[in-house]
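Chemist: If you read the protein sequences in the order shown, they are chains H and X. Counting from 0, one number per residue, gives the positions in the first sequence under numbering that gives the first Met the number 0. Counting from 0, one number per residue, gives the positions in the second sequence under numbering that gives the first Met the number 0.
FYI, nobody ran anything at the bench for these hints, they're computed from the structure. C-beta atoms are modelled at their ideal positions from N, C-alpha and C, and glycine is treated no differently. Do not take every clue at face value.
For each label pair, taking beta carbons as the anchor points, the in silico distance ranges come out as [claimed, not checked]: (1) VAL3/H with GLY63/X: 45 to 55 Å; (2) PRO38/X with GLY42/H: 45 to 55 Å; (3) GLY20/X with GLY200/H: 30 to 40 Å; (4) GLY20/X with ARG121/H: 23 to 33 Å; (5) GLU21/X with LEU397/H: 44 to 54 Å; (6) GLU40/H with ALA17/X: 27 to 37 Å; (7) GLY164/H with GLY63/X: 51 to 61 Å; (8) ALA17/X with ALA294/H: 49 to 59 Å; (9) GLU305/H with THR22/X: 41 to 51 Å; (10) PRO128/H with GLN66/X: 18 to 28 Å; (11) ASN198/H with ALA17/X: 41 to 51 Å.
Think about it this way: if two alpha-carbon atoms lie no more than 27 Å apart in a straight line, the pair counts; the simulated DSS-like pairs of lysine-lysine are [what the hints assert, rightly or not]: (12) LYS327/H with LYS19/X; (13) LYS229/H with LYS76/H; (14) LYS19/X with LYS76/H; (15) LYS111/H with LYS327/H; (16) LYS76/H with LYS111/H.
For reference, the chains in residue letters:
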Amino acid sequence: MSAVPPPWIDPGVRLIEADTHLGWPDIAAAADALEATFRRESGMATVGIATVEGDRASTVAAALIAAERANVPLFLKRHGPNPGAPVAEDATPAMPGFAVLLETSGTTGAPKRARHGFDRLRGRLRGAPDPDARWLLTFEPASFAGLQVILTALASGGTLVSVPGGGAAELAQAALRHAVTHVSATPSFWRAFLMALGNAGPPLASVTLGGEAVDQPLLDRLAARFPGAKLRHIYASTEAGALFAVTDGRAGFPASWLETGVDGVALRLCDGVLEVRSPRAMTGYAGPGGGAPDADGWLSTGDVVEVRGDRALFAGRLDGRVNVGGVKVSPEAVEQRLLGVPDVQDALVRAAANPITGHILTATVVPAPGVTEADVRAAVREAIADLPPAARPRVITLADHIPLGSAGKKTREGAA
Amino acid sequence: MTQTMLALIAEELARIAADKGETLPPVGPDTRFLGGDLPIDSLDLATLLVVLEQRTGQDPFRAGFIQFTTVGELAALYRLDAPTGAA
Numbered sequence: 000m001s002a003v004p005p006p007w008i009d010p011g012v013r014l015i016e017a018d019t020h021l022g023w024p025d026i027a028a029a030a031d032a033l034e035a036t037f038r039r040e041s042g043m044a045t046v047g048i049a050t051v052e053g054d055r056a057s058t059v060a061a062a063l064i065a066a067e068r069a070n071v072p073l074f075l076k077r078h079g080p081n082p083g084a085p086v087a088e089d090a091t092p093a094m095p096g097f098a099v100l101l102e103t104s105g106t107t108g109a110p111k112r113a114r115h116g117f118d119r120l121r122g123r124l125r126g127a128p129d130p131d132a133r134w135l136l137t138f139e140p141a142s143f144a145g146l147q148v149i150l151t152a153l154a155s156g157g158t159l160v161s162v163p164g165g166g167a168a169e170l171a172q173a174a175l176r177h178a179v180t181h182v183s184a185t186p187s188f189w190r191a192f193l194m195a196l197g198n199a200g201p202p203l204a205s206v207t208l209g210g211e212a213v214d215q216p217l218l219d220r221l222a223a224r225f226p227g228a229k230l231r232h233i234y235a236s237t238e239a240g241a242l243f244a245v246t247d248g249r250a251g252f253p254a255s256w257l258e259t260g261v262d263g264v265a266l267r268l269c270d271g272v273l274e275v276r277s278p279r280a281m282t283g284y285a286g287p288g289g290g291a292p293d294a295d296g297w298l299s300t301g302d303v304v305e306v307r308g309d310r311a312l313f314a315g316r317l318d319g320r321v322n323v324g325g326v327k328v329s330p331e332a333v334e335q336r337l338l339g340v341p342d343v344q345d346a347l348v349r350a351a352a353n354p355i356t357g358h359i360l361t362a363t364v365v366p367a368p369g370v371t372e373a374d375v376r377a378a379v380r381e382a383i384a385d386l387p388p389a390a391r392p393r394v395i396t397l398a399d400h401i402p403l404g405s406a407g408k409k410t411r412e413g414a415a
Numbered sequence: 000m001t002q003t004m005l006a007l008i009a010e011e012l013a014r015i016a017a018d019k020g021e022t023l024p025p026v027g028p029d030t031r032f033l034g035g036d037l038p039i040d041s042l043d044l045a046t047l048l049v050v051l052e053q054r055t056g057q058d059p060f061r062a063g064f065i066q067f068t069t070v071g072e073l074a075a076l077y078r079l080d081a082p083t084g085a086a
């Protein structure tokens with residue numbers, strides 16, 4: 000067995016998955032077994048893609064090692080709400096050689112598969128050894144953010160604590176039991192995590208937020224709750240990956256960065272939409288999302304930004320998508336789906352601001368003539384059953400008409 | 000009036016749990032929402048807050064997140080005796 004770890008793993012690393020403790024020898028043994036499987040399978044296909052269930056950090060780590068050694072693309076399947084749903088290929092043709100394919104969190108329709116070069120996945124990670132760090136994995140292991148945390152922990156030689164399939168309550172218990180020091184999570188997760196912790200608190204040294212816009216009350220709460228921790232929020236875009244970190248404890252980012260840039264990334268506003276030019280993003284353009292830079296390398300993020308005083312603040316998405324608990328969903332797309340239900344005469348789907356999940360979708364539905372309330376509710380329920388939970392309207396109100404705004408359009412905006 | 004609010008929260012929690020095919024254990028002021036006491040997740044809790052806003056006409060979170068962990072702490076954020084819409 001090949002016991003020499005790749006350069007991106009410190010052999011001192013420990014993985015705690017629920018109650019199972021794993022070290023480098025365990026990961027190496029799993030990697031050896033997977034490598035043999037990958038080599039055998041790839042010999043039978045033109046472009047063999049190695050596929051594993053990416054539901055455990057240890058499996059993901061072993062599969063990365065094995066796929067790199069076998070030099071094959073690795074597809075990490077994700078335990079979404081529809082495990083059996085077909086996954087659409089992205090536009091990138093299948094290419095041989097080691098790369099990581101991830102399922103993007105599909106909001107409506109089939110999830111997509113996006114290809115990431117391993118160097119790009121590791122691009123922003125600082126490889127400082129930190130054997131005392133105890134990370135909590137709050138993201139799905141097979142997500143982009145989850146991989147960042149796993150790779151950081153593997154390189155640090157510290158400990159990675161995870162609870163496969165666990166929610167905020169289980170992760171809060173694990174965080175306390177194993178005294179985690181580093182947590183990176185979405186703002187929605189942090190709100191639920193704080194609630195689940197109650198009055199107890201792990202000894203956090205590092206508090207990181209990302210994946211959706213951060214509000215000031217949450218930052219203030221975290222600063223008060225974990226006064227010794229380094230508090231930062233990360234701004235990333237689908238096309239360009241992680242772009243910059245804000246560490247001053249305030250929501251948004253300094254407006255002066257629109258002039259000076261930050262950390263090698265140039266920023267500007269175009270009709271209120273944030274555009275970025277990043278040397279790190281150049282390799283990512285073939286990736287998911289279909290975003291393409293202009294001739295000068297500027298890429299639109301689709302994020303609307305308002306400048307107030309010395310601060311640039313995020314004010315939603317240009318395409319109307321909203322963040323529900325870290326998942327980007329499109330009220331329009333869900334509304335189109337409801338309008339396709341025969342029992343539904345008209346429908347309006349709105350995003351209401353929500354203190355727990357950032358936003359939540361609600362629907363107003365006008366039943367077709369002669370359709371009972373019970374029947375239209377059942378039809379709507381069936382029509383949204385295969386959407387991810389975050390994309391389902393959670394509160395459905397019946398009405399006899401949809402009120403129109405002064406422009407004759409449905410007023411979709413919820414109370415801000 | 001907090002008793003009324005507790006009953007309202009319990010009623011709506013039961014409805015949300017029933018939609019998922021779950022049965023709600025007894026709910027009291029000290030029941031924690033996301034600490035493992037109840038068969039709900041954060042999306043269910045978000046739903047509860049939308050329904051409570053519809054039923055009381057109040058949104059205690061308009062200015063931002065207020066920390067709460069238990070049913071009693073949430074109930075105390077609503078003023079059922081206030082006229083609808085006035086805060």
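Chemist: With reference to the structure, classify each hint as holding or not holding.
Modeler: Hint check:
| no. | hint | result |
| --- | --- | --- |
| 1 | VAL3/H with GLY63/X: 45 to 55 Å | holds (51 Å) |
| 2 | PRO38/X with GLY42/H: 45 to 55 Å | holds (47 Å) |
| 3 | GLY20/X with GLY200/H: 30 to 40 Å | holds (34 Å) |
| 4 | GLY20/X with ARG121/H: 23 to 33 Å | violated (43 Å) |
| 5 | GLU21/X with LEU397/H: 44 to 54 Å | violated (25 Å) |
| 6 | GLU40/H with ALA17/X: 27 to 37 Å | violated (46 Å) |
| 7 | GLY164/H with GLY63/X: 51 to 61 Å | violated (31 Å) |
| 8 | ALA17/X with ALA294/H: 49 to 59 Å | holds (57 Å) |
| 9 | GLU305/H with THR22/X: 41 to 51 Å | holds (46 Å) |
| 10 | PRO128/H with GLN66/X: 18 to 28 Å | violated (36 Å) |
| 11 | ASN198/H with ALA17/X: 41 to 51 Å | violated (31 Å) |
| 12 | LYS327/H with LYS19/X | holds (23 Å) |
| 13 | LYS229/H with LYS76/H | violated (33 Å) |
| 14 | LYS19/X with LYS76/H | holds (26 Å) |
| 15 | LYS111/H with LYS327/H | holds (14 Å) |
| 16 | LYS76/H with LYS111/H | holds (11 Å) |
Hints 4, 5, 6, 7, 10, 11, 13 from the earlier list are contradicted by this structure; the remaining hints agree with it.
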